[in-house]
Structure formats: structure tokens, C-alpha cells
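Residue numbers (mature numbering (1 follows the signal peptide of the UniProt record, and there is no 0)): -23 to -1, 1 to 173.
No lab work stands behind these hints, which were simulated from the structure alone.
EDC-like mimics (lysine to aspartate or glutamate), calculated; alpha carbons at most 20 Å apart, straight line: (1) K148 / E114; (2) K140 / E114; (3) K148 / E44; (4) K140 / E44; (5) K157 / D83; (6) K146 / D29; (7) K157 / E38; (8) K146 / E44; (9) K28 / E114; (10) K148 / D29; (11) K48 / E38; (12) K28 / E105; (13) K102 / D29; (14) K146 / E105; (15) K146 / E114; (16) K148 / D34; (17) K48 / D134; (18) K148 / E105; (19) K102 / D83; (20) K102 / E114; (21) K48 / D144; (22) K157 / D86.
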Amino acid sequence: MKTPLTFLTIGFFALALTACGGANLPSPSAGAGAAVGSSEVSGGLGANSSKDAGPQDMTAEERMVLEQTNKARAVARTCGGQSFAAAGPLTWNGYLAKSARAHSQDMADKSYFSHVGLDGSTMIKRDEAAGYSAWQELGENIAAGYAIAVVVQGWIDSPSHCKTLMDPKYKELGVGYVYKQGTQYGTYWTQEYGTR
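Construct all of the structure, not just a fragment, from the sequences and the given hints.
Here it is as C-alpha cells:
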């Protein structure tokens, strides 16, 4: 059965994590694993043609991920055998951030790791519900168990995530970060990519 979404879900990677200094961020508990996942969809259109970028507020963690992502995109690289030229910087989109934050919070609160919410919500439904309309392209990277210092590198090291991160068709980004003590991973990250 074909669906409009093609999920390129990466299985869980067991990685040794070390406590990283800086930024005063909590690190995952000792022995915790880390995980990443990627998803993309093309060609949909939302309800209206507004190009408003929404609220521009960012946490320090979200700003760091935006900056590190743009720094990574500025360098040509190969992702899983596919070569990418340097790509232009992504601009912050508050609607994509609202969607990303909600998904990271949901994964932390309900202790799961997936592109599909436990309520069946998909990236498309979440992004549109958050106000990101008239989109042409959407993509999503998720990660769990990573400290701020290594999360973007984790996506770069994974071929499908690297492809999403380097894809020049994406123009906007929203990031969501949640730390929740006592959960399987501790840290939950979502990147929502879009083009309108």
C-alpha cells in the first residue's frame, strides 16, 4: 500500500555518549542510547499562500542547532554516496518551530521516538496545524539522547539525515528541543524543514 509520505526511518543507533561540557545543558544518563530518524515529502499545498514566518523567538539550544545546521550546509559534502554542493542558509520559521517543539515535547512526555505521534499525527498534519501553510516541500529530522554539542553531527553522520540537512530545496527551519529527566533518552530533538 502506497502512502503520500515516504518515511526513511533509521533504526535506533546505540552510541556511547559522554557528558559534554558547555552550554550548561543536562547530558543523557550514563549508558543511554541515542537515536535518529528522517522523513521527507514533496508537492503538497496548504490552505493559504501566506509567507509569514511566524514568531521569531528561539531558545539558546534552538539557535545553536540553526547556526550549526547552516554552518554544515555551507560546506559541500557527500551524504550516503550522494554529493551535495554547499547550500544556502535556512531562515527561522516560527510555525515550523511550533510544530517541532510540540513533537519533541510529545515524544518526551509519552516516552517514544517516531515521526508518527502516538495519536497518529504525521509531519504534514503537525506542520499545517502549527500554521505552516502553502508548503511545497517538507522534511523532518528527529534525534534522541544527543547533547547539543553533537546532535547536528549525529545527523550529518547518518546518510538520510545528512541528505535532508544538505538538500538545497529547503529554505526554512524550525527546531524543537526538550530535556526530560527520567525518560528513555533524556533529550528529544526535532528539526522541521520547509519550502513555500
